[in-house]
Each structure stands twice: as structure tokens, then as C-alpha cells.
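Residue numbers (the numbering used here), protein chains in the order written: chain Y, 1 to 370; chain D, 1 to 342; chain H, 1 to 337; chain S, 1 to 324.
Bear in mind the hints are in silico, worked out from the structure with no lab data behind them. Keep in mind the model is a prediction, meaning the values are calculated, not measured. Honestly, I wouldn't trust all of these hints.
[To be verified] Chain S is faced by these chain D residues, among others (derived, beta-carbon under 8 Å): (1) 25; (2) 203; (3) 294.
[To be verified] Residues from chain H that face chain Y, not an exhaustive set, calculated with beta carbons under 10 Å: (4) 287; (5) 288; (6) 291.
Just so it is clear, CB atoms sit at the ideal spot from N, CA and C, and this is done for glycine as well.
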Amino acid sequence: MSEITLVTMPKWGLSMEQGKVNCWLKQVGDAIKRGEEIVEVESEKIAGAVEAAADGIMRRQLAAAEDTLPVGGLLGVIAAADVPDAEIDAAVADALANFKPLTADDESSGASPEKIQVGNRSIRYLKRGEGGTPVILIHGFGGDLNNWLFNHEALANSRTVYAVDLPGHGESTKDVGSGALSELADALLCFMDAVGVDKANLVGHSMGAGVAMAAAVQAPARVESLTLICGAGLGAEINGDYIQGFVGAANRNAIKPQLMKLFGDASLVTRQLVEDIMKYKRIEGVDAALRTLSSALFADGRQQSVLRDQVAALGKPVLIIWGEADQIIPVAHARAYTGKAQVEVIAGKGHMVQMEAANEVNQLIKQFLS
Amino acid sequence: MSYSNPASVGIIANPASGRDIRRLTAKATVFPTIEKANMIQRVLGALGAFGVGHVMMMPDMTGIAAAVERAIVAHRAEAHIPWPAVEFLNMDISESVTDTFNAVDLMVARGVAAIVVLGGDGTHRAVAMRCGDVPITTLSTGTNNAFPDLREATTAGFATGLLASGRVSRAEATLANKRIVVEACGRCEVALVDVCVTRHMHIASRAVWQPEALEELFVAFAEPDSVGLSSIAGLLQPVRRDEPHGLRVRFGRAGGSGVRRFVAPIAPGLLERVSVAKHGLMRPGERVRVVSGAGTVAVDGEREIEFGRGDTVEVMLDSNGPRTIDVARTLHIAATRGLLDV
Amino acid sequence: MARKITYQQAINEALAQEMARDSSVIVMGEDNHGGEGSPGEQDAWGGVLGVTKGLYHKFPGRVIDTPISESGFIGAAIGAATNGLRPVAELMFVDFMGVCFDQIFNQAAKFRYMFGGKAETPVVIRTMYGAGFRAAAQHSQCLYSLFTHIPGLKVVMPATPYDAKGMLIQAIRDNDPVIFMEHKMLYTLEGEVPEESYTVPFGEANVVREGDDITVVTLGRMVHLADQAAQAMQKNGVHVEVIDLRTTSPLDEATVLESVERTGRLVVVDESNPRCSMASDIAGLVAQKAFGALKAPIEQVTAPHVPPPFSDALEDIYIPTVADIQGAIGRVMEFRR
Amino acid sequence: MASELTKDRLLQAYRTMRTIRDFEDRLHADFATGEIPGFVHLYAGEEASATGICMHLGKDDYIASTHRGHGHCIAKGVDVMGMMAEIWGKKTGTCRGKGGSMHIADLSLGMMGANGIVGGGGPLICGAALAMKLRKLDDVAICFFGDGASNQGTIFEALNLATVWNLPAIFVAENNGYAEATSSKYSVACDNIADRASAFGMPGVIVDGFDFFAVHEAAGEAIERARKGGGPTLLEVKLSRYYGHFEGDQQKYRAPNEVAHIKEAKDCLTTFAKRVTGAGQLTQAELSAIDAEVAALIEESVRRAKSDPKPAAADLMTDVYVSY
């Protein structure tokens with residue numbers, strides 16, 4: 001049966017209990033390569049593509065567009081051309097018979113975020129996987145560890161991967177101090193102390209990339225490599241209107257046009273995503289944190305800390321990934337890095353490239369780390 | 001035994017008593033209108049039991065008379081021992097002490113055998129000023145009185161009925177009382193218990209409860225177990241109601257030479273330190289002139305006269321107070337002589 | 001992601017956080033702790049359904065039990081609000097407004113206007129509403145439209161634990177009198193609620209579900225029924241937009257009108273009685289301001305114009321159901337001129 | 001002693017009473033011309049009550065008033081110019097022309113407002129007093145109400161709460177004998193409102209409301225007691241209003257010479273003047289000087305009220321909420 005691969009409804013984030021099939025990207029009979037996107041599904045929070053776990057032929061599609069399935073529910077079957085239909089039908093029957101929807105108990109037994117006291121702050125993080133030099137995923141301005149929903153698990157299949165909420169974000173303490181990159185980098189390094197990580201591969205998105213770079217500058221010995229995704233700190237330009245619009249937005253209607261700037265495909269901005277951002281912004285201290293950060297880092301629509309030369313001087317391995325359609329930080333910054341780096345620009349995707357092109361980004365990072 | 005048709009009895013109930021500032025400054029009771037009306041009903045029952053056929057009552061505008069009227073209707077419906085016919089005097093009501101004066105004048109003119117008074121020291125004083133030698137039955141409405149009896153209205157009515165029906169003679173049933181006459185600023189007032197010269201500039205809410213305001217006190221009698229200003233004298237040197245003299249007390253400053261300090265119940269629940277410089281007997285007929293700055297004269301505990309610097313205040317004790325029914329003695333006589341047998 | 005707690009716990013947490021943050025916040029009402037003056041336990045009840053449980057010991061002297069005297073203590077809360085406190089007074093059941101409405105609508109609601117803008121009355125009146133408890137006619141009404149009618153009051157009715165916490169904190173910090181309505185059937189509803197303090201602004205409806213075919217405007221407990229109806233309709237290919245008004249004063253007209261402009265169809269779902277109701281108000285609003293967009297008559301799903309009955313057999317048909325809502329959606333979708 | 005009446009205080013008392021009287025007399029005259037809109041309830045005759053009580057109060061003490069509230073406002077220090085403008089419906093009024101005679105308020109002076117609802121102030125005062133108690137202030141809150149309000153449930157609830165919470169609250173029953181056109185002899189079951197105090201576990205005191213000194217002294221004791229934490233008091237002030245329930249009321253329900261007789265025998269200003277001049281505390285010249293000043297003040301307030309602008313149409317929509 002090893003040559004039969006079941007495609008099931010993925011679980012993107014702890015709160016996801018079910019997903020809706022948007023459309024099939026491959027049809028029955030199509031040849032499929034491992035890692036190729038085969039079906040687009042949508043949770044309450046986000047839409048994304050499920051990638052093939054194995055090479056083969058698309059032999060069955062058990063869910064149609066618009067169907068809603070629980071997490072783990074059977075979407076389709078991939079198998080080699082020579083696997084008999086009877087075997088495939090048996091596998092399908094077996095899967096359907098033995099399927100149990102996830103319960104609350106299963107959820108709590110899986111990975112769930114924890115909080116740790118780091119100095120005066122409580123920092124929330126989610127740890128997955130075991131082994132190797134740990135990876136730390138660092139979200140951007142206004143984000144949180146859920147920004148890595150499509151990456152975290154994929155990256156963690158062979159190593160320890162942490163995703164953190166930076167100060168002022170997610171469920172970490174909202175005090176950001178001066179708001180300088182160095183202060184956030186300090187917090188990151190202290191977090192590493194607290195969880196016992198001596199040295200890590202830092203993966204930063206946007207402002208988080210700036211934090212990763214600052215941490216490398218401050219403590220070069222503790223940084224193995226840097227992955228900078230649509231990163232801040234590589235040049236002065238940034239979309240000041242976005243920053244102001246994001247900080248100033250007091251309601252759903254004001255925030256939505258800002259969030260649409262984050263994606264190449266603006267339809268990915270779901271009602272739930274908008275609602276989640278508004279819920280974050282309403283939390284006491286968030287407004288002040290965002291204002292402090294935006295004036296410390298992005299005053300007058302310009303990035304105040306450009307660290308590329310200092311980082312280049314360290315000679316660390318660097319991977320730079322950018323969405324070609326990034327409307328927040330110009331894609332030109334990808335090429336502006338002065339040191340040695342692998343630079344990858346992904347066509348058609350926006351600032352949230354790690355979500356929009358999750359499989360591609362995951363592959364790039366995995367290759368880079370190995 | 002047969003008796004002549006008993007004479008009328010008057011009833012005066014002061015609608016204002018039991019509500020002054022002592023409710024606030026002391027722990028004096030609020031004495032509700034309804035309870036005054038209840039007391040009158042108990043008196044009526046007792047009078048009826050002795051065949052008193054007619055009662056004159058002072059009218060009022062605060063509901064006592066109205067409540068009694070309602071009670072009469074209800075009583076008639078129940079119809080066991082009849083009550084006397086109650087006549088509410090036909091008089092103008094000013095809602096002041098004048099009403100009491102007018103009512104007493106009418107009762108005296110129509111020859112009542114006795115007047116039952118419900119009120120405090122002030123009410124009894126007002127009645128005493130007009131009742132001449134008609135005996136009065138005293139009933140205290142409240143906790144802060146020295147002159148009237150604090151007793152159950154039923155037995156007071158009982159004794160009054162014995163007197164009004166002639167079963168017990170006036171000589172045996174009643175007592176004489178002293179009084180103090182005070183003259184100041186051309187006004188003359190009569191006190192049954194005490195006259196106090198105070199430093200209060202204004203009559204204001206009338207009551208006296210601040211020991212530092214006391215200047216000089218004159219009492220007709222001084223009972224150590226009473227409450228009010230006269231208790232100060234009573235605790236210095238008791239004087240009975242049937243002794244001929246009174247007492248004079250001069251207050252001093254705390255710490256002054258020869259000044260005695262002690263605690264006295266100058267109002268219900270109000271135990272205050274008082275400072276007395278000296279005291280002495282007050283002889284009947286002796287006119288005493290008080291020398292003081294501006295202030296007020298309180299008569300039976302109520303400020304009545306404002307006087308200025310240079311005005312004179314003169315007081316004199318005599319034995320021309322009202323005759324009051326001695327309820328205990330009257331009932332004792334009735335019991336020992338079998339006057340209650342039917 | 002966030003921790004899940006009940007609607008009732010969310011309200012308790014909002015009170016506790018605001019009381020900790022601001023010493024002028026007090027809680028008062030009948031048996032808000034329970035046991036006052038009795039020989040037994042203090043905080044014996046913590047509110048009739050335990051919503052304020054635990055606050056009494058956490059905030060000594062600031063959880064005040066009152067006599068059963070609604071005019072007196074609701075008025076006192078209003079008076080205290082004019083003198084430096086931020087009282088959260090509990091009117092146990094909204095049905096009891098009948099014995100204290102003067103203090104709310106002639107006093108609290110009017111102060112600011114009558115006094116030429118010089119008064120602020122930061123009082124919150126928490127009150128339980130709604131049918132489903134077999135509590136009959138005097139303990140089951142919705143009555144929000146009566147408060148909504150009065151200028152000077154803000155009227156809010158969170159449908160979820162998240163909104164309950166954020167809107168109560170907003171209500172406490174708000175400088176106007178706020179009627180905060182809690183549906184008694186929602187107390188045990190669980191939902192994600194941040195541990196931290198946050199506010200949900202008033203006058204901003206929540207789009208619970210997006211859809212382009214028909215708009216369902218609803219509020220309070222009916223939000224959940226409407227969403228279930230919408231989910232069921234999705235299987236038939238009908239994409240329903242569900243709007244939770246969240247506050248009826250202020251009213252988010254823009255979100256309602258924008259949605260109906262897009263969908264052209266409207267069903268209003270209101271647990272209250274139909275005359276002079278939020279249902280008729282929203283229908284009137286849309287008829288007046290989005291008439292041109294309407295493709296079908298507006299349907300209202302409400303309780304009938306009778307008092308809430310006692311017997312379950314009657315109450316179950318009194319309260320609008322998911323099936324009622326689906327039926328209304330179906331009729332509006334099928335309407336042809 | 002609660003509060004000594006120095007010469008300055010006596011002058012202040014007279015000035016306040018005179019200001020109230022002239023303010024009300026002037027309104028009475030002007031209302032008859034038809035220029036003043038709405039309902040106006042005048043306090044003339046009752047001046048000793050508001051004055052004798054409010055003289056003990058500072059701006060942090062609260063009072064709640066009634067529909068007959070001008071006297072309480074003036075005694076609590078509300079600006080007479082603003083009041084007159086308010087009653088004339090002008091933008092310069094205390095409430096910018098939005099309240100009128102029945103709703104004059106100034107919370108910055110502890111004046112919680114005249115109130116168009118009979119008995120509406122009782123619960124509010126309990127709240128103000130509760131705030132004082134919880135905030136550990138030694139302020140007091142006073143509820144003025146009439147014999148009509150004395151029969152309202154709100155007042156009973158407030159009296160009960162005040163004792164239950166041991167509040168620094170004083171309930172001042174201004175018993176002028178008439179609730180609108182109905183005698184309190186009919187409507188108040190126990191006749192003396194003060195009698196009800198005992199049922200609520202607080203002292204009940206009756207004081208002569210024509211006598212400033214009596215009111216001042218009794219109120220002083222009650223207020224001092226409340227400030228010290230001694231709890232609430234019910235003070236019944238027996239007095240009389242000279243004018244009708246509202247302007248235009250012909251008072252046919254009163255005895256033919258009732259008002260004239262009261263004015264003759266008891267008027268608070270006349271008796272006050274007689275007492276203080278008789279005792280040599282103030283001279284007639286001093287009183288006359290105040291009379292002249294007050295007359296000028298009232299004249300000026302009317303002149304301004306007449307010429308001041310009315311609210312603009314845009315003012316209709318403002319001041320409903322702090323934020324909406």
C-alpha cells in the first residue's frame with residue numbers, strides 16, 4: 001500500500017477544525033510531482049494550496065469544490081499508474097471507515113503555544129520538531145507566530161523550529177520599550193537564553209528579518225544563518241502609507257484595504273483574517289506598541305535602520321526570499337544585499353510570500369538549511 | 001353607690017411635640033401622630049368606663065384629630081363600652097402654641113373637670129399658663145421631658161375618670177406644683193421645670209443641648225433621675241416637687257477655680273460634661289436678676305426669649321403652678337376603698 | 001489560538017480587569033455577592049447566575065449588594081456616576097426596568113443634554129434578557145428597542161464571549177450611560193477570548209459571515225441561529241451575509257446599507273416582539289435608504305406579538321428558530337416580481 | 001456649635017434670601033407678560049430653607065433639587081445671570097437653553113439639577129453620597145423634595161438605601177402644604193413627613209421653614225453628623241409657597257387670605273430682618289444696601305437674558321452623548 005498516498009484536509013493552525021475545497025488544481029489522471037500544488041482549500045482564516053506528498057497519478061477526487069471537510073478528511077488519492085483500482089477503492093473505504101474527526105483532546109495533545117518569562121516580558125512561542133540547530137521564525141510588524149501557519153510544520157519535520165511572538169505582538173507582553181530593532185533583537189536573544197538555544201538559524205519576515213539581522217550583528221556567535229523574507233533592514237524605502245494605514249485603522253473597513261496590500265492575490269484577505277487583525281489591534285497596549293515601533297523604525301515612511309552592510313561583514317550564510325509583487329518593501333532590496341547570499345524572487349506573490357507561496361518558500365528554506 | 005353626672009374632660013394633644021431637633025442631636029424618640037391618637041383612644045376608653053360622657057378636644061391639622069375621628073367611627077361599630085362623646089372645639093387653627101392657649105381657654109370657660117395633656121414640658125407649660133386651678137393629667141409624648149409622667153395612657157385616663165366622676169376628691173387626687181416666672185425684654189414666661197440663660201444668640205431650633213452655651217440655670221425641682229437641664233441640678237443637690245424652694249446653678253469654665261465637672265444627661269442619650277461654678281437654693285418669692293451679655297432664655301429647655309447686652313432677665317419661684325393628678329395615689333385610694341367595684 | 005472561556009467568564013473577567021485598573025469602578029446590584037448581613041457565607045451567590053462571583057473578595061468594599069429596590073439603586077448608580085465613580089449596576093432581569101425606568105430614561109439619559117453638555121454619567125447597567133429559560137413573561141423579554149428609542153443611552157448586546165468582554169470594558173470606560181444586555185442563554189457559550197484587556201468599539205457591526213446573495217441582519221443570541229441558517233443555506237448555493245449589529249445605539253447603518261446595496265435582499269432576525277422593534281427599525285432603515293437596491297420584499301423573523309410563554313411547548317415556538325430563518329431566506333431568494 | 005453666624009454670614013444669608021425672592025418676584029411679573037416660555041415653578045416664600053441649608057455646603061457637596069428649584073440653585077451658588085438666561089431659553093443660559101427652568105444644573109458646583117420628575121432626586125443623591133463615602137470624602141449630599149414627592153416610591157427607596165448604606169445624605173422635605181393643587185393634609189397619610197424617618201431608622205426632625213435660624217441650626221447639626229459618618233437625617237421643613245404650583249395657577253384651592261396671612265405673620269425675610277436688627281447684629285442700612293444691589297443684579301440679569309442670543313439650529317443635535 002506504500003505506493004498509495006492519501007490527500008487529506010490539512011490543519012493550518014490550532015483553531016482550524018474544518019476546511020472548504022476551493023478548487024482542484026490537478027484533475028483525475030494528471031501526473032503529479034512531489035511538492036506540486038494539487039488542491040486549493042480555505043479555512044476560516046486563510047486560503048492555501050495542498051502540495052503533493054509523493055509522485056504519482058491523481059487517481060481519485062473525493063471532495064468537490066465548495067465541499068467542507070473536517071481536518072483529516074479525505075480529499076483525494078495519489079498513486080502510481082499501475083496500482084489496481086480495487087486496491088485504491090479498498091484504501092478509500094478503509095480511510096473513510098476509520099476516519100475520526102479531531103477532538104479537543106487531540107488538539108491539546110498536539111503542539112500548542114507556551115509562554116515564558118523573558119526579563120520583564122512574557123513571550124509566547126510555539127515549538128515543533130526535534131533535532132539539529134534550531135530554527136527561529138520571526139514575524140513582521142503587526143504579525144504573530146500564526147504568520148508561519150503554512151511553514152512551521154513543514155520545516156519542523158527534521159529539526160527543532162520555534163515561532164515567537166515579538167514584544168508588542170500576538171500574546172507576548174505589549175511593551176516594546178524604545179521600539180528599536182536592537183531592543184527587539186535583545187528580546188530575541190534573551191528568549192534564546194530562556195529556552196536554552198545557544199545558536200539558531202534565524203528566519204525573519206519583514207520587520208522580523210530586521211530583528212534577525214540586528215541579533216546577528218549584536219551576537220554573531222549565536223546566529224548560524226539568516227533567512228530574510230521580504231525583509232526590513234536592507235534598504236531605506238518602505239510603504240509609509242501602509243504603515244500609517246495599518247496603525248491608524250480603527251475598524252474592519254479601514255484595515256481591509258491595508259491588508260490587501262500584503263498579498264499578491266487580494267482575495268486571500270478573508271473576513272476572518274481581517275477580524276483577527278482587528279482583535280489584535282484592540283488589545284490594550286497594542287496601539288501604543290505599534291505607534292512606538294512605527295515611529296522608531298519607519299518614521300516619515302523611511303526605514304531608520306539599514307543593517308545590510310554590517311550583516312554582510314559577518315559573512316554568515318544568507319537566504320533572501322522576496323515576493324515579486326511586494327507592495328510594502330520594494331523587491332529591489334532583494335538584490336541590494338552587499339554580501340554573499342542566495343536570492344530568490346517569487347513571481348506573482350506579495351509581501352506575505354511565505355503564506356502565498358508556502359510550498360516554494362518551505363522548499364527553499366529546507367534546501368538552504370541543509 | 002351613685003354619682004352625679006360626671007363633668008366634661010378636656011384633651012390637649014400637641015401635634016408638634018416629639019419631632020424637634022433632639023431627634024438629631026440626642027437619641028430622643030420620634031413620637032408619631034398615630035401613637036398620640038392611640039393614646040387618646042386609650043384615655044377615652046378609661047373615661048368611658050367611668051361614665052364620663054363628654055370630652056372636648058383641641059383640633060389640629062396634622063392628623064391627630066382626624067385619626068381619633070376615624071377611631072370613633074370604628075369603635076362605635078364595635079360598640080362595647082361606650083366612649084364619651086368627643087367634641088372637637090370650634091376654633092381657628094394657627095399651628096402654633098396659640099392653639100393650645102385658645103383650646104385651654106375654651107375648656108376652662110366650659111367647666112371641664114380636668115384636662116388630659118399629651119406633650120412635652122413645653123406643652124404642659126403652655127397649658128399651665130391658662131388652666132388656672134383646673135387639674136391636669138400629664139402624659140409625656142417622648143423621652144426628653146421632666147415635668148409630665150411617662151406612663152401608660154390607660155391608667156392616666158383611669159385616674160382622670162375617678163376624679164371627673166367624683167369618686168376621688170380633687171384634694172386627694174391632685175398635687176400642687178411650683179413654677180418659675182421669668183421676665184425679660186418686656187416678656188413674661190412661666191417655667192414648670194427650669195429656666196436657663198444661654199449664650200445662643202438666636203432662638204433658632206429652640207432646643208438646648210450644648211453645654212458650652214449654658215450660663216445660668218434655675219429649677220423648680222431637681223430630680224437626679226430626670227433627663228434634661230434640670231438633671232444637672234438634680235445631680236448637684238436634689239429638690240423634690242413638694243419642697244418649697246428651688247435651686248440656682250451658675251456654670252463656669254472648665255478648669256476655673258472651684259469649678260465642679262461632672263456628667264449629666266442633658267438630653268436623652270446625651271451625657272455631657274458640665275462645669276458648675278456654684279449653686280444655691282432659690283427661695284420662693286425672691287426675685288433674682290441675671291447679669292449676662294447677649295443671649296437667649298430657655299424655658300423648660302426651649303429657647304423662648306432673645307435678649308441683648310444690657311437687657312435684664314429676672315426670675316422668681318412661686319407655688320402657683322398647675323394642679324396635677326397624682327395617678328398612683330388616686331388609683332391607690334380607689335383600690336383601698338373599693339371604688340372600682342361594680 | 002487564544003484560550004476559550006464562557007460568555008459568563010468573559011463578563012466576570014472584564015469586570016475584574018477594569019476594577020483592578022480603575023479604583024472608581026464599582027459593582028452593585030441585588031446579590032452581586034450575596035449573603036450580605038446574613039450569618040453564612042459572603043459571596044454566597046456572586047450574582048443570581050454567578051456572573052460576578054469572586055469579585056467580592058478580590059475587591060473589598062467595591063461589590064455592593066443592594067436591597068431589592070431597583071429605582072433606588074439604579075438611581076444611586078447614576079448619581080454616583082455624576083460624582084466620580086464608574087458604577088456597573090446590575091438590573092437582574094431587563095424585565096425589571098418597569099420599576100426603575102424613570103431613573104434611566106428621564107435622569108441618566110437626559111443629564112448631558114438637559115444640562116447643556118456639562119454632565120457626564122459614566123454608568124453601565126448590566127442586564128439579562130431573552131427567552132429560552134422557561135422563565136415566562138416577566139423574565140424573558142428582549143426590550144432593547146425600548147432603550148434604543150431613548151437618545152442619551154447606548155445600548156449594546158454582545159453575542160459572543162469575545163464581544164462580551166471587549167464591549168463591557170468599552171462600556172465601563174465609556175463616558176455615557178450604557179445599557180449592557182446579556183442573553184441568559186449565552187452565558188455558557190464558549191469562545192476564544194484574549195486574556196489581555198481590549199475594547200470592542202460601539203457602533204461597529206460584526207460581519208459574522210460574508211456572502212453576496214442575501215443579507216441577514218440580527219443581534220444578540222439570534223446571531224448564532226442566523227449563522228447556522230446561513231451555513232445550511234450555503235449547501236444550497238446561497239451565500240448569506242450575516243451581520244451582528246452588536247450595538248443598537250449607536251447603530252452601524254453603513255455596514256447594513258453597504259451589504260444590502262450589494263446583495264439586494266434582506267432578512268432581519270430579532271428575538272423581540274415585532275411591533276416597534278429592532279426588526280422593524282432595520283427594515284425601515286433599509287426601505288428608506290437602500291430602496292433602489294432591493295430585489296425582494298424584506299422579511300422579518302421575530303417572536304410573535306405575545307408575551308413570552310412559560311410552557312416549553314409554547315416557548316419553543318415563540319423563539320425564532322433556525323428553520324424559521326432558513327424559510328425566510330428561502331422566500332426572499334425565491335421572490336420573483 | 002455647628003456653624004457660627006458671624007456678621008458676614010448673616011449678610012450672606014440675607015443676600016441669598018433676597019436674591020431668591022427678587023428673582024422669583026421678577027419671573028412672576030415677566031411671566032405674566034407672556035415672554036417666558038414653558039413651565040415655571042417659583043420658590044418665593046421658601047427662601048429660608050434653601051438658604052439655611054446650603055450655607056453649610058461647599059461646592060463639593062451635592063444637592064438634588066425639584067421642579068421648584070431656582071432657590072436651591074441660587075443658594076448653591078449657581079450664577080444668576082446664567083439662570084435667568086436659561087429660563088428665557090437663551091444660549092448663554094446655564095444649560096445653553098436646553099434645560100430651562102426645570103433642569104437648571106451645575107455639577108461643578110454640586111448642583112445636580114432641578115428635576116421635572118417628582119421624587120427623581122432621591123436615588124441620585126444616594127449615589128452621590130455613596131461616591132463620597134467610597135471615595136472617603138467628608139462631603140454630604142442633600143435631596144430636596146416636596147410633600148408630593150414624599151409619597152413617591154423613589155423617596156422611600158432612597159430613604160431605605162441611605163440607612164442601609166449609612167450614607168452622608170440629608171433628605172429635606174420642603175412641606176409647603178400642597179402637591180400641585182392637593183393638600184398634604186389629604187395626600188400624606190401620616191401628615192408629618194418626618195414621622196416616616198423612624199421607619200427607615202433615621203432621625204426625623206421638623207423645623208419651622210419660615211425661620212432661617214431654625215433651619216440653619218437644624219441643618220447644621222444634620223450635616224455635621226453626616227460628615228462625621230453619623231448617617232442620614234430626614235429634615236421636614238414646614239413652609240409655604242407664595243405663588244401657585246406653576247405660573248398661571250390661580251391657587252383657588254387655597255383659603256382666601258391664606259397667603260396674605262402667612263406673608264404678614266411669618267415671611268422669612270421680614271422676620272430675619274426684624275431679628276438681626278433688633279439684636280443689633282445688622283443695621284437696616286446694611287440690609288437696604290443689599291436690597292439695592294440685588295435689585296440691580298436681577299434687573300441686569302433680565303436685561304441680558306432678553307438681549308442674549310437663542311441657541312442655533314445646530315445646537316439641537318449636540319450634547320446628547322460624550323461620544324457617539
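Checked hints:
1. 25: At about 5 Å, which falls below the 8 Å cut-off, the nearest Cβ of chain S leaves the hint on residue 25 (chain D) intact, so it holds.
2. 203: Check passed: Cβ of residue 203 (chain D) comes within 7 Å of chain S, closer than 8 Å.
3. 294: Residue 294 (chain D) check passes; min Cβ-Cβ to chain S is 7 Å, inside 8 Å.
4. 287: At 24 Å from the nearest chain Y Cβ, residue 287 (chain H) fails the 10 Å test, so the hint is violated.
5. 288: violated (22 Å)
6. 291: violated (23 Å)
Against the hints set out earlier in the document, violations occur for numbers 4, 5, 6.
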